[in-house]
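Chains as they are written, first to last, in the working numbering: chain A, -18 to 244; chain B, 52 to 406; chain C, 3 to 293.
Honestly, the hints are just simulated from the structure, not real lab data.
Be careful, since some hints might not be right.
A few chain A residues that don't get close to chain C, going by computed Cβ distances all over 10 angstroms [as the list claims (entries may be wrong)]:
{"#": "1", "residue": "76"}
{"#": "2", "residue": "126"}
{"#": "3", "residue": "160"}
{"#": "4", "residue": "206"}
{"#": "5", "residue": "207"}
{"#": "6", "residue": "216"}
Derived Cβ-Cβ restraints for the label pairs, each shown as a range [claimed, not checked]:
{"#": "7", "chain 1": "A", "residue 1": "112", "chain 2": "C", "residue 2": "159", "range": "49 to 57 angstroms"}
{"#": "8", "chain 1": "B", "residue 1": "60", "chain 2": "A", "residue 2": "118", "range": "53 to 61 angstroms"}
{"#": "9", "chain 1": "A", "residue 1": "54", "chain 2": "B", "residue 2": "81", "range": "53 to 61 angstroms"}
{"#": "10", "chain 1": "B", "residue 1": "203", "chain 2": "C", "residue 2": "3", "range": "54 to 62 angstroms"}
{"#": "11", "chain 1": "A", "residue 1": "56", "chain 2": "C", "residue 2": "123", "range": "37 to 45 angstroms"}
{"#": "12", "chain 1": "C", "residue 1": "123", "chain 2": "B", "residue 2": "271", "range": "56 to 64 angstroms"}
{"#": "13", "chain 1": "C", "residue 1": "69", "chain 2": "A", "residue 2": "56", "range": "33 to 41 angstroms"}
{"#": "14", "chain 1": "C", "residue 1": "277", "chain 2": "B", "residue 2": "211", "range": "33 to 41 angstroms"}
Quick reminder that beta carbons are idealized off the backbone N, C-alpha and C, glycines included.
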Amino acid sequence: MTPLLALENVEVVYHRVATAIQSVSLQVPERGLVALLGTNGAGKTTTLRAISGFLGADDAAIVSGRVVFLGETINGRRPHETARRGLVLVPERDKVFETLTVQENLRALVPGRGREGLDMERVLHYFPVLADRRRQVAGYLSGGERQMLALATALLCRPRVLLVDELSLGLAPIVVESLMDLVRRLRDELGIAVLLVEQNAGAALAIADHGYVMEHGRIVYEGSRERLLAHEDVREFYLGLGGSADRRRYTDVKQYRRRRRWF
Amino acid sequence: MALGGGYFKTTYASDLALVDTRLRRVALAALVAALLVLPRLTSSFVLDLAAQVALAAIGALALNVLTGLAGQISLGHAGFICAGAFTTAALVEYGVRSPWAALAGAAAVGAALGLMVGIPSLRLRGLYLALGTLAMHHVVLYVASELQSRWGANTGYSIPPPRVGALTLRGTVTWYYVLTGLAALTLCFAANLQRSRAGRAWMAIRDREIAAASVGIDVARYKVLAFVCSSMVTSVAGALFAFQRGFVSVEAFGFLVTVEYIAMIIIGGLGSALGAVLGAAFVTLLPYVIDALVAGLKLQAGAEYYLFPAKFGAFGLLMALFLVFEPQGLVGIWRRVRNWFLLWPFRYRPLRSTS
Amino acid sequence: MAQVLATTLVVASLYALLAAGYVLVYRASRVLNLAQGDMLTLGGYLLFAVAANVGGGPVLAIPVAAALAALTGFLIYLVLMRPMAGHPVFAAVLVTVTLGILLRAAIVLVFTDQIRHPAQLLGLGNPPRRLPGGAVVSTFDVLTVLTAAALFAGLFLFLRLSPLGIQMRAAGERALLASQRGIDFHRLFALAWALAALSGALAGILYSSNVRLEPSLDVLGLKAFAVALVGGLDSLGGVIPAAILVALIEVLTVRYGNPLLSDVSPFLCLLAMLLVRPWGLFGTREELERV
Chain A
-18 MTPLLALENV EVVYHRVATA IQSVSLQVPE RGLVALLGTN GAGKTTTLRA
32 ISGFLGADDA AIVSGRVVFL GETINGRRPH ETARRGLVLV PERDKVFETL
82 TVQENLRALV PGRGREGLDM ERVLHYFPVL ADRRRQVAGY LSGGERQMLA
132 LATALLCRPR VLLVDELSLG LAPIVVESLM DLVRRLRDEL GIAVLLVEQN
182 AGAALAIADH GYVMEHGRIV YEGSRERLLA HEDVREFYLG LGGSADRRRY
232 TDVKQYRRRR RWF
Chain B
52 MALGGGYFKT TYASDLALVD TRLRRVALAA LVAALLVLPR LTSSFVLDLA
102 AQVALAAIGA LALNVLTGLA GQISLGHAGF ICAGAFTTAA LVEYGVRSPW
152 AALAGAAAVG AALGLMVGIP SLRLRGLYLA LGTLAMHHVV LYVASELQSR
202 WGANTGYSIP PPRVGALTLR GTVTWYYVLT GLAALTLCFA ANLQRSRAGR
252 AWMAIRDREI AAASVGIDVA RYKVLAFVCS SMVTSVAGAL FAFQRGFVSV
302 EAFGFLVTVE YIAMIIIGGL GSALGAVLGA AFVTLLPYVI DALVAGLKLQ
352 AGAEYYLFPA KFGAFGLLMA LFLVFEPQGL VGIWRRVRNW FLLWPFRYRP
402 LRSTS
Chain C
3 MAQVLATTLV VASLYALLAA GYVLVYRASR VLNLAQGDML TLGGYLLFAV
53 AANVGGGPVL AIPVAAALAA LTGFLIYLVL MRPMAGHPVF AAVLVTVTLG
103 ILLRAAIVLV FTDQIRHPAQ LLGLGNPPRR LPGGAVVSTF DVLTVLTAAA
153 LFAGLFLFLR LSPLGIQMRA AGERALLASQ RGIDFHRLFA LAWALAALSG
203 ALAGILYSSN VRLEPSLDVL GLKAFAVALV GGLDSLGGVI PAAILVALIE
253 VLTVRYGNPL LSDVSPFLCL LAMLLVRPWG LFGTREELER V
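Same shape as in the complex, but just chain A (with noise of 0.2 angstroms):
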């Protein structure tokens, strides 16, 4: 079954110099739940802007490789039109348009083609704190309902995949886990896909079927949930779950530990 995004080998470059990412391939399936885990700097936020198609404000390009979504390339296609096709960003900072209301931010979009059957009275039934502070200026909501509200409004313009970066950025632990239980029941229940990148790899792996790692730019290992979860370094490094007792040497760091992956 074909993906509904994917990348092939995509390498982006900055300033006509720097490399940022590269030969990075990963596929987001129908009613797919995919996770893009890594430390700052991993080239996770570049590979998001290389999908939307936000790399010109930053100087910055996609020299080879491609990104193909519902079948159709879309590199260096302008932001707007990739989010009407229904591939829609929400983005780590400046996510809410701070002056207007709630209410006024639920407006403040273009719906797309992408899917049927999300309208406000839908959309709002799984944010009622939306609901009862429509008059608020957004500028004075808190993390957590900011975070709502810019799901809300992606929601809003019928995306058939959603680009998450970054949901867990500056917020309390529970309120995570419910963000995150809130996005496992958007794509169960509405049937949207998600590319969820993000640094708390605990949580994203709790409700991800599969998953990347990046590290300096490229895909390192990838598999599905159980497999990250039971892997050595990916718990050493990213869960923080123990490692091996007799490690001393700086040889013994995972660098120099990973097997050299040839292609």
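Add chains B and C to chain A, keeping to what the hints say.
Just chains B and C, lined up with the frame of chain A:
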């Protein structure tokens, strides 16, 4: 001494030096010699043009220090020139004719105005600061027009040529030497400022004010200093303008003059002293070039009427073209040409700076 | 007294029409359109050109001139301002200055600097009207006030209630986020520029029919600019009280003070505002940080 076309420097002193390679020293000496000998070789029309370029260069260098180096936008440049010119006129009106007094007075008035505009710059930034300077420009012009009408000089106030010791400064050749010499002095001053502590502080403030403050640069002091320095030199240029023309009138200092100077530093290249001089030459000579082109095309008699707005429009158009296509200005073009020669057969594409 | 109030209202309406243009453009592109004064002259000359060359009387000429001006604003954005999107704001402002120079040059080239009276060409008179309280205003004075009121009411409804208006406000605040939400902000910014040109042109049409038309009218634009700043560059609502305030000061200065001073009084208001409360009467403080 720097090697490799000026790129490879081995001592700190050579890094700081204004003129570093042997080729540059020779070229500079040749230029100075050419400037000294120019009056013998050309007509007084050309000399007058050169004098105009020199005077414009002084103003452009001052504006470059404020806007190019320190990054503070000023839309009130014409106001400072007007202030200097009218200070000279005021001194003459009240009986003081010495040029030294006029220059000192203009510098003082310019500094005071710079202080007045500099202090709001601590709260205001960018566009808002520009507007404050624009408002100041209008206020200065108002004061000047009041003075002009009070002195009964409705079309303008005339100023006798200044006397320096036994020498009366009049005539094209004299003014050519005076203005070119002063322009050269200002160029040295501006180029030196760029490598001085104040210059580095200004460039830091221009690029990232918060970061500059966090490394201990006294942003307030340096911002005010930028305004005061720039406005002092500009006022002095205004005084020189008054003396050279022998005539001051408010109409000569409209907003268009400010736009011309901004065009000079943009077309020349923002942040570069050489750019300011090149831009001053370009903008000052442009109307004459257009005149020559039009004369060469031999249009019909009524065409002169269309010349003025066409010149007006052409210079605006060029500024827009430079802004869009060549943001680094003439200096950028010069550097590309120079790099091509220096680095041949290699090609080096420098990073485009993100700003 | 009543006369002072009436004149203030008329002057304020004129300034408000122009200042609305500054605010609209600023909210959209974060740029000062220093050519707004030339939109006024352009409106006046378009009216003159349409009246002189195409028949049909005022009912045809005025809307056509206004529509042409709006189209010009649209084109200005697409051709000049959109390529400046990545460049620093200062450069974009200078491009507008350049635009103003070019417009002025083109107008003088085509129409010469002779004073014109388009209202006469259209067969429109400007009879004085007596208001309760003893004030005397001309017909076009009344039209100016009514037009300003109508424009502001329309803008308010558009920006607050219509979906396109909300999208425009959103795009003006965060263009990138807006495009992530499917909003084509370039089209909306072009619309903002068209509206700004329209309001400036309306001011020009009214003023040139009321008083006279000549190329140097763009100085009114600078005074209106001071009004926009006093009200708050990002606040459309702030334009109205600011216009009334600045107009009042100017009218009083003309009456009881020096006429030359009245020309500079808007700038003195501006300076005072910049020193005391730079973000204007109704602007938001955060805007200062944005630039």
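For each hint, the structure was consulted:
no.	hint	result
1	76	violated, 7 angstroms
2	126	holds, 17 angstroms
3	160	holds, 19 angstroms
4	206	holds, 28 angstroms
5	207	holds, 33 angstroms
6	216	holds, 35 angstroms
7	A/112 with C/159: 49 to 57 angstroms	violated, 26 angstroms
8	B/60 with A/118: 53 to 61 angstroms	holds, 56 angstroms
9	A/54 with B/81: 53 to 61 angstroms	holds, 59 angstroms
10	B/203 with C/3: 54 to 62 angstroms	violated, 37 angstroms
11	A/56 with C/123: 37 to 45 angstroms	violated, 56 angstroms
12	C/123 with B/271: 56 to 64 angstroms	holds, 57 angstroms
13	C/69 with A/56: 33 to 41 angstroms	holds, 40 angstroms
14	C/277 with B/211: 33 to 41 angstroms	holds, 40 angstroms
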